Amino acid sequence: MARLTRIEQRAQTRADLLLAARDRFLEVGYAAASLEDIADRAGYSKGAVYSNFVDKPNLCREVLQAIHEEKVGQLSALVSGPGDLQDRIDVLASWVERTAGDVGWTMLELEFVTVARTDPSLLAMVVELRSAAHRTVVDMLRTMLRGDADDDAADAEAELYALDSTADLMLAAAIGLGIQRAVDPTISPEPVIASLRSTLTLLGAGVY
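Under full-length UniProt numbering, the residues of the sequence shown are numbered 1 to 208, in order.
Simulated from the structure, these hints should not be mistaken for laboratory data. The reader is advised that the hints may include incorrect statements.
Unchecked claim - Computed spacing ranges between beta-carbons, pair by pair: (1) Ser34 / Val183: 33 to 39 Å; (2) Leu78 / Arg130: 20 to 26 Å; (3) Ser51 / Gln86: 47 to 53 Å; (4) Arg117 / Ile7: 21 to 27 Å; (5) Ala172 / Asp119: 21 to 27 Å; (6) Gln74 / Arg130: 45 to 51 Å; (7) Glu190 / Arg6: 39 to 45 Å; (8) Ser94 / Leu123: 31 to 37 Å; (9) Ser80 / Val127: 44 to 50 Å; (10) Glu190 / Ser80: 23 to 29 Å; (11) Ala172 / Ser51: 34 to 40 Å.
Computed from a prediction, not measured in an experiment: that's the story for all the values here. Heads up, the beta-carbon is just placed ideally off N, CA and C, and yes, glycines get one too.
Construct the complete structure from the given sequences, taking the supplied hints into account.
This is how it looks when you write it as structure tokens:
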């Protein structure tokens, strides 16, 4: 087997550390996870963590970003499948029911936001994560609705506003429901799902 180049070795180290960090953060939370534990789990020194991620907040940000991309990527793949809009809404509803309330993920998100409350640099990371998630959800909605952009500038602007607003609604609902279900799994997701069904049905009908 050919030896890895220096660039490949660095990429492998980074991937190993990111995976170990994800496992540890989801197991014990942000505050309780130490860089030493993460480095040991990945089989590297603590210095490798610093050289690849600078510090613990940046490492956690990258973990959360990877989780966001994975979750929304899974959903995008599901809603781009065959069937009409109502079929895709059914798929979305099932995904929300399965995913909202993932204790490790939800609590890590909540803890990181709480830690960031008094730290402007961490708050900036949280805002960046939320903005990236919003853009990804907007793209997912475009795929889900499969609507071609209208040539009329006013209609296109209205469509973009509707997609932005719907993405805001979905993120707010998912975060709120996720926190509640992480604490009490018996809480029903149905009110949120019903609201999303109504909103997406109207959006699919071009009611902006």
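Next item on the list: Could you work out which earlier hints the structure fails to respect and list their numbers in ascending sequence?
Entry: When the structure is compared with the hints, numbers 1, 4, 6, 7 and 9 turn out to be violated.
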